[in-house]
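Asks: Here are the chains, one letter per residue:
Number of protein chains: 2
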Amino acid sequence: MSISPKLALLEEYALVARALSAPARLMLLEQLAQGERGVEALADKTGLTIANCSQHLQQLRRAALVTSRRDGKAVIYRLTDAKTLALMDLLRIVAERNLAQVERILRGLSSGEDAPEPVSREDLAVRIAEGSVTVLDVRPADEYAAGHIPGALNMPLIEIERIIPTLDLAAEIVAYCRGPYCIYAHQAVAALRKHGLNARRLDGGLPEWREDGLPVLAGTQ
Amino acid sequence: MSISPKLALLEEYALVARALSAPARLMLLEQLAQGERGVEALADKTGLTIANCSQHLQQLRRAALVTSRRDGKAVIYRLTDAKTLALMDLLRIVAERNLAQVERILRGLSSGEDAPEPVSREDLAVRIAEGSVTVLDVRPADEYAAGHIPGALNMPLIEIERIIPTLDLAAEIVAYCRGPYCIYAHQAVAALRKHGLNARRLDGGLPEWREDGLPVLAGTQ
DNA sequence: CTATTATTCAAGTTATCGCTTGAATAATGT
DNA sequence: ACATTATTCAAGCGATAACTTGAATAATAG
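In order, the protein sequence lines correspond to chains A and B.
1 is the number of the first residue of the first sequence in my numbering; add one for each residue after it.
1 is the number of the first residue of the second sequence in my numbering; add one for each residue after it.
Simulated from the structure, these hints should not be mistaken for laboratory data.
One thing to keep in mind: the hints can contain errors.
What the hints assert, rightly or not - Footprint (simulated), chain A over chain B, 3 or more residues, beta carbon under 8 Å:
1) 5–16
2) 23–37
3) 84–94
Please read these numbers as outputs of a predicted model, since none were measured by experiment.
Note that the Cβ used here is the ideal one computed from N, Cα and C, for glycine as well.
Given the sequences, and given the hints that come with them, work out the whole structure.
Replies: Structure below.
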């Protein structure tokens, strides 16, 4: 009960928000949205030192946004449940709806040019079944290997300029990446459209696709 | 564009989360969920100094969770839109689903005894129409005056022990307050049940009721 | 048991946050 | 213009957070 139960409650809510209030931790959550990972892998992907990464993960765990289990010497972290993903999504939606700053950043990516509407996951599933679309997975090769949309070609950003000449100008292309926090797909679409290709972005990324119950080709997890 | 657009984006998302990461600001948002208010009124309600309150409100505005307009000498703040409310709700849900600490705090309020399920807003609307329920508004008188559920009796917590003897033991009672962040209704129900009364809590508070399109008796706004 | 690998803990530094105080600005009424 | 009221700005202080470094702990292999 303490002196003020009301304040104690608000402190708990604030703890969850505070866990989401550092870019480094949002990056970690984005990685974990791809699937469970060990501390070292997360540190690699995010560029954090191991110790720092571990500390951030512990804060996320205190807020119960992630949970961990031991696997031999390694500690594997994962998102606690879909609610964590929902909270990240809503945070992004509010930020994007409201902040002109975000708009400007995203606009900067596509050089202020045309920004086509993203393709819905439902639409993409239908078009894949029809075979009427080329799907690009714009994530690093190891993440592609761990799981991807069936039929998608792995096309890390670094290689995209190189392979543009090999692509069919008439083909409809859809690019996806880690999800809404990830800007790889934005950048890929901007690059492809600059070369006159008919490219669009998938709404959401692989975690959202998986969440919708759509098929994922799983590899070495 | 800067050096790292990705990091810049994450900073913006983090800014929104950081705005939600202080108990004082959650209190302000809870107040604003009741309706728009001036700085002084908010400072009074939350116990913050005027200057401090103003600073918190500016942080909320930077995160675009609230907006403000001038009305004569006064600056009136209000929630930007329903998304702000949704974000607060989800934050609370995640905290309550996950944090044992929250459970303990809420349990402490009802002395660890029976904690009946809250009544849904839909159910309450039906029962009010039937006249088969007594509705208590457990908020301060000024908030009640500004708007309340039709037929509800205003019953600030301070007075509740005093009026218990006057209540019908057979009557079904439903108590509500400001909303999920507010614990008045929890406390009221605990007090009433301790005296053998058949009391339950409404799921959500007046903002949620209003959001559902249910009728509100508006007073001096 | 010892060595190895993966993670966590602990101490220290710099930067930021929340709060207070007192002054500055904005709008209104006389 | 001047006084009044409501809010914001600016400076300062103590507490907290992020990151680094180096040591400590856990699990496994030899």
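Asks: With reference to the structure, classify each hint as holding or not holding.
Replies: Tested hints:
| no. | hint | verdict |
| --- | --- | --- |
| 1 | 5–16 | holds (count 12) |
| 2 | 23–37 | holds (count 3) |
| 3 | 84–94 | holds (count 8) |
Hint compliance for this structure: no hint is broken.
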